[in-house]
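Colleague: In case you want the letters, here they are:
Number of protein chains: 2
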Amino acid sequence: MKKLINNAEQVVEEMLQGAVLAHPQYVKRVEGFNVLVRANSPVQGKVALVSGGGSGHEPSHAGYVGRGMLDGAVAGAVFTSPTPDQVYEAVKAVDGGKGVLLVIKNYTGDIMNFEMATEMAEADGIKVAKVVVNDDVAVENSTWTTGRRGIAGTVFVHKIAGAKAETGADLAEVQKTAEKVIANVRSMGMALSPCIVPAAGKPSFTLAENEAEIGMGIHGEPGTHRETVRPADETAEHLVNKILADMSLDAGDEAAVMINGLGGTPLMELYVINRKVAAMLAERNIKIAKTYIGNYMTSLEMAGFSVTVLKLDSELKELLFAQADTPALVQF
Amino acid sequence: MKKLINNAEQVVEEMLQGAVLAHPQYVKRVEGFNVLVRANSPVQGKVALVSGGGSGHEPSHAGYVGRGMLDGAVAGAVFTSPTPDQVYEAVKAVDGGKGVLLVIKNYTGDIMNFEMATEMAEADGIKVAKVVVNDDVAVENSTWTTGRRGIAGTVFVHKIAGAKAETGADLAEVQKTAEKVIANVRSMGMALSPCIVPAAGKPSFTLAENEAEIGMGIHGEPGTHRETVRPADETAEHLVNKILADMSLDAGDEAAVMINGLGGTPLMELYVINRKVAAMLAERNIKIAKTYIGNYMTSLEMAGFSVTVLKLDSELKELLFAQADTPALVQF
Numbered sequence: 025m026k027k028l029i030n031n032a033e034q035v036v037e038e039m040l041q042g043a044v045l046a047h048p049q050y051v052k053r054v055e056g057f058n059v060l061v062r063a064n065s066p067v068q069g070k071v072a073l074v075s076g077g078g079s080g081h082e083p084s085h086a087g088y089v090g091r092g093m094l095d096g097a098v099a100g101a102v103f104t105s106p107t108p109d110q111v112y113e114a115v116k117a118v119d120g121g122k123g124v125l126l127v128i129k130n131y132t133g134d135i136m137n138f139e140m141a142t143e144m145a146e147a148d149g150i151k152v153a154k155v156v157v158n159d160d161v162a163v164e165n166s167t168w169t170t171g172r173r174g175i176a177g178t179v180f181v182h183k184i185a186g187a188k189a190e191t192g193a194d195l196a197e198v199q200k201t202a203e204k205v206i207a208n209v210r211s212m213g214m215a216l217s218p219c220i221v222p223a224a225g226k227p228s229f230t231l232a233e234n235e236a237e238i239g240m241g242i243h244g245e246p247g248t249h250r251e252t253v254r255p256a257d258e259t260a261e262h263l264v265n266k267i268l269a270d271m272s273l274d275a276g277d278e279a280a281v282m283i284n285g286l287g288g289t290p291l292m293e294l295y296v297i298n299r300k301v302a303a304m305l306a307e308r309n310i311k312i313a314k315t316y317i318g319n320y321m322t323s324l325e326m327a328g329f330s331v332t333v334l335k336l337d338s339e340l341k342e343l344l345f346a347q348a349d350t351p352a353l354v355q356f
Numbered sequence: 025m026k027k028l029i030n031n032a033e034q035v036v037e038e039m040l041q042g043a044v045l046a047h048p049q050y051v052k053r054v055e056g057f058n059v060l061v062r063a064n065s066p067v068q069g070k071v072a073l074v075s076g077g078g079s080g081h082e083p084s085h086a087g088y089v090g091r092g093m094l095d096g097a098v099a100g101a102v103f104t105s106p107t108p109d110q111v112y113e114a115v116k117a118v119d120g121g122k123g124v125l126l127v128i129k130n131y132t133g134d135i136m137n138f139e140m141a142t143e144m145a146e147a148d149g150i151k152v153a154k155v156v157v158n159d160d161v162a163v164e165n166s167t168w169t170t171g172r173r174g175i176a177g178t179v180f181v182h183k184i185a186g187a188k189a190e191t192g193a194d195l196a197e198v199q200k201t202a203e204k205v206i207a208n209v210r211s212m213g214m215a216l217s218p219c220i221v222p223a224a225g226k227p228s229f230t231l232a233e234n235e236a237e238i239g240m241g242i243h244g245e246p247g248t249h250r251e252t253v254r255p256a257d258e259t260a261e262h263l264v265n266k267i268l269a270d271m272s273l274d275a276g277d278e279a280a281v282m283i284n285g286l287g288g289t290p291l292m293e294l295y296v297i298n299r300k301v302a303a304m305l306a307e308r309n310i311k312i313a314k315t316y317i318g319n320y321m322t323s324l325e326m327a328g329f330s331v332t333v334l335k336l337d338s339e340l341k342e343l344l345f346a347q348a349d350t351p352a353l354v355q356f
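Sequence order for the protein chains is Y and E.
Mapping of the first sequence onto our numbering: residues 25 to 356, in sequence order.
Mapping of the second sequence onto our numbering: residues 25 to 356, in sequence order.
Note that these hints are calculated values from the structure, not bench results.
Keep in mind that this is a model prediction, so the values were computed, not measured.
Some hints here could point you the wrong way.
[What the hints assert, rightly or not] Now the in silico label distances, taken between C-beta atoms and shown as ranges: (1) Y:Ala269 <-> E:Glu55: 30 to 38 Å; (2) E:His249 <-> Y:Asp277: 51 to 59 Å; (3) Y:Asn309 <-> E:Gln49: 18 to 26 Å; (4) Y:Thr191 <-> E:Ala346: 24 to 32 Å.
[As the list claims (entries may be wrong)] With a straight-line Cα cutoff of 20 Å, these simulated EDC-like cross-link-like pairs (lysine to aspartate or glutamate) come out: (5) Y:Lys122 <-> Y:Glu139; (6) Y:Lys26 <-> E:Glu261; (7) E:Lys151 <-> E:Glu203; (8) Y:Lys26 <-> E:Glu251; (9) E:Lys314 <-> Y:Asp349; (10) Y:Lys266 <-> Y:Glu245; (11) E:Lys226 <-> Y:Glu233; (12) E:Lys335 <-> E:Glu278; (13) Y:Lys151 <-> Y:Asp109; (14) E:Lys204 <-> E:Glu261; (15) E:Lys311 <-> E:Asp277; (16) Y:Lys204 <-> Y:Glu245; (17) Y:Lys335 <-> Y:Asp270; (18) E:Lys335 <-> E:Asp274; (19) Y:Lys26 <-> E:Asp257; (20) Y:Lys226 <-> E:Glu233; (21) E:Lys226 <-> E:Glu203; (22) E:Lys122 <-> E:Asp148; (23) Y:Lys314 <-> E:Asp349; (24) Y:Lys26 <-> E:Glu235; (25) E:Lys26 <-> Y:Glu258; (26) E:Lys226 <-> Y:Glu235; (27) E:Lys116 <-> E:Asp194; (28) E:Lys26 <-> Y:Glu233; (29) Y:Lys26 <-> E:Glu233; (30) E:Lys26 <-> Y:Glu261; (31) E:Lys70 <-> E:Glu146; (32) Y:Lys341 <-> Y:Asp277; (33) E:Lys154 <-> E:Glu143; (34) E:Lys26 <-> Y:Glu251; (35) Y:Lys226 <-> E:Glu235; (36) E:Lys26 <-> Y:Asp257; (37) Y:Lys26 <-> E:Glu258; (38) Y:Lys341 <-> Y:Glu251; (39) Y:Lys200 <-> Y:Glu139; (40) E:Lys26 <-> Y:Glu235.
For every residue, glycine included, the Cβ atom is placed at its ideal position computed from N, Cα and C.
Please take these sequences and the hints and turn them into a complete structure.
Modeller: Laid out in structure tokens, this is it:
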């Protein structure tokens, strides 16, 4: 295992320290916990957003803490749900009196722990609502999931619900907007290589020299099938067809597109993929309002990508384009 | 070779098409050439900046085309200098009457071809100036370089000279500011793995399972030595000590820091590295004005990183913090 780390057991702790040192203008640590919140938390008079999950998906989620997106991010161990007390601390640290929306990716452990945290916070009199993101069209149920997995589409939920919260909307309204994003967003990914969880020290699965896994999850969960690596256009076409078959996106509709790298994919290749994705949407007369290309929801050093398509209406478009300011290298 | 491409010979062409489809609000193609310029080029009454070089370093350089940074970027074949006619077309497309500054990384082929383009443009009556970036402290001379190589520090030249140009400064002033950045910036990198140039189909070198190359260039040029992979803190310490030994940065001085991923490095690891880099600068009482963490100047899917330190004065700091708007996922 070749990694730029000091100690597999300390990697999340050291990452969080490095993040606070890098971005003190954006984030601060909730002392004693693996929680980063906005430097000016709690923001009064605004619904707060908290997300999180296992580490290893950076810049998700701490990279999206900042004005116009999240208020707090909880970092579990690598690919492991954060514990309820960590989520509870995040909720307490960001609540500015208007309540807290939890944005949860659909994994069984995450849902259980975020729900326990909700009960703890509600016992303190904090209003909490939650949404569950399940944008991955590849498979129903999976290694750690009942129903569909939540993957890169989650970042659109952060952006749009975060922008809604900045307008002064109340908790029910922010939740409703987040649910609209979830209803309108679909994703699917594929991998050319596995990744290595530091504490495990070896890949959780292997692929042959010319083999790809289609529909794989962001923790290396199995996808729909394995196949010989195909030309980029064919791979993109397969994913986009699966996505479009699952959503109601008609000629004349408008969408946002994300070509998300999983951590080990050259940006060059993501642009080659986008060429085909954009052409497929153009053929269907679907207007692309904005395209996001880069590493938004990664799987450590995994090589591969996902495509996300978000159907826009006027509310979602306005909130997507609203200004945001976060540490992540994100063109929002 | 596992890559998300269609055809090794078409990869730059398809990348450029994908980039224009992704970012039409930022960039347009100079028809018939591998040149991307601002969508509103030429911008009148402003010195224009052109950079470029071999492809494979994305988001360098086309990702930095936009308000406050570059006006044009020239994309050579992968790891290969762009030809003089391509650079010449970029210069013609962006000149708004106040002249063009070429920002060249110090590689022999790049310098030769950018200089030939300069002669062609000057014959047309276009004012052209150039600066050569040589921030890599690892080695003097190298596979394709006389003197030191230009690496990630180049991005600071784009940002700061680009901001200077937006102020309406003339060509000599913008050049002078760019030269000040070059005088004040130092970098050094290391690699855990090689990368594969698509047309070659195999790595240009190999590293043993537990081996790292220290001081390696962004095209895989040899560094200072190979060694067994060490803990991240020791590796960071070695690089930062080499950098600081080569620049005049004293207690009380202010600096910007970039922890640059080479394309295949998890963001988690870059944050672990930053923890040590920030601590080393704090020990020396050097104030970090801003830290940039992510993939700014890559080597396809190479695993590894570089550290860049830029000594700031009041002019450089103001220009570094000035607003910019480009396609790259860059927190500038």
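Colleague: Look at each hint and say if it fits the structure.
Modeller: Against the structure, the hints come out as follows:
no.: 1; hint: Y:Ala269 <-> E:Glu55: 30 to 38 Å; in the structure: holds, 36 Å
no.: 2; hint: E:His249 <-> Y:Asp277: 51 to 59 Å; in the structure: holds, 57 Å
no.: 3; hint: Y:Asn309 <-> E:Gln49: 18 to 26 Å; in the structure: holds, 20 Å
no.: 4; hint: Y:Thr191 <-> E:Ala346: 24 to 32 Å; in the structure: holds, 28 Å
no.: 5; hint: Y:Lys122 <-> Y:Glu139; in the structure: holds, 19 Å
no.: 6; hint: Y:Lys26 <-> E:Glu261; in the structure: holds, 18 Å
no.: 7; hint: E:Lys151 <-> E:Glu203; in the structure: holds, 18 Å
no.: 8; hint: Y:Lys26 <-> E:Glu251; in the structure: holds, 13 Å
no.: 9; hint: E:Lys314 <-> Y:Asp349; in the structure: holds, 15 Å
no.: 10; hint: Y:Lys266 <-> Y:Glu245; in the structure: holds, 18 Å
no.: 11; hint: E:Lys226 <-> Y:Glu233; in the structure: holds, 13 Å
no.: 12; hint: E:Lys335 <-> E:Glu278; in the structure: holds, 6 Å
no.: 13; hint: Y:Lys151 <-> Y:Asp109; in the structure: holds, 17 Å
no.: 14; hint: E:Lys204 <-> E:Glu261; in the structure: violated, 26 Å
no.: 15; hint: E:Lys311 <-> E:Asp277; in the structure: holds, 6 Å
no.: 16; hint: Y:Lys204 <-> Y:Glu245; in the structure: violated, 27 Å
no.: 17; hint: Y:Lys335 <-> Y:Asp270; in the structure: holds, 12 Å
no.: 18; hint: E:Lys335 <-> E:Asp274; in the structure: holds, 10 Å
no.: 19; hint: Y:Lys26 <-> E:Asp257; in the structure: holds, 14 Å
no.: 20; hint: Y:Lys226 <-> E:Glu233; in the structure: holds, 13 Å
no.: 21; hint: E:Lys226 <-> E:Glu203; in the structure: violated, 38 Å
no.: 22; hint: E:Lys122 <-> E:Asp148; in the structure: holds, 14 Å
no.: 23; hint: Y:Lys314 <-> E:Asp349; in the structure: holds, 15 Å
no.: 24; hint: Y:Lys26 <-> E:Glu235; in the structure: holds, 8 Å
no.: 25; hint: E:Lys26 <-> Y:Glu258; in the structure: holds, 15 Å
no.: 26; hint: E:Lys226 <-> Y:Glu235; in the structure: holds, 17 Å
no.: 27; hint: E:Lys116 <-> E:Asp194; in the structure: holds, 18 Å
no.: 28; hint: E:Lys26 <-> Y:Glu233; in the structure: holds, 8 Å
no.: 29; hint: Y:Lys26 <-> E:Glu233; in the structure: holds, 8 Å
no.: 30; hint: E:Lys26 <-> Y:Glu261; in the structure: holds, 18 Å
no.: 31; hint: E:Lys70 <-> E:Glu146; in the structure: holds, 18 Å
no.: 32; hint: Y:Lys341 <-> Y:Asp277; in the structure: holds, 12 Å
no.: 33; hint: E:Lys154 <-> E:Glu143; in the structure: holds, 12 Å
no.: 34; hint: E:Lys26 <-> Y:Glu251; in the structure: holds, 13 Å
no.: 35; hint: Y:Lys226 <-> E:Glu235; in the structure: holds, 17 Å
no.: 36; hint: E:Lys26 <-> Y:Asp257; in the structure: holds, 14 Å
no.: 37; hint: Y:Lys26 <-> E:Glu258; in the structure: holds, 15 Å
no.: 38; hint: Y:Lys341 <-> Y:Glu251; in the structure: violated, 37 Å
no.: 39; hint: Y:Lys200 <-> Y:Glu139; in the structure: holds, 19 Å
no.: 40; hint: E:Lys26 <-> Y:Glu235; in the structure: holds, 8 Å
Of the numbered hints stated above, those contradicted by the structure are hints 14, 16, 21 and 38, listed in ascending order.
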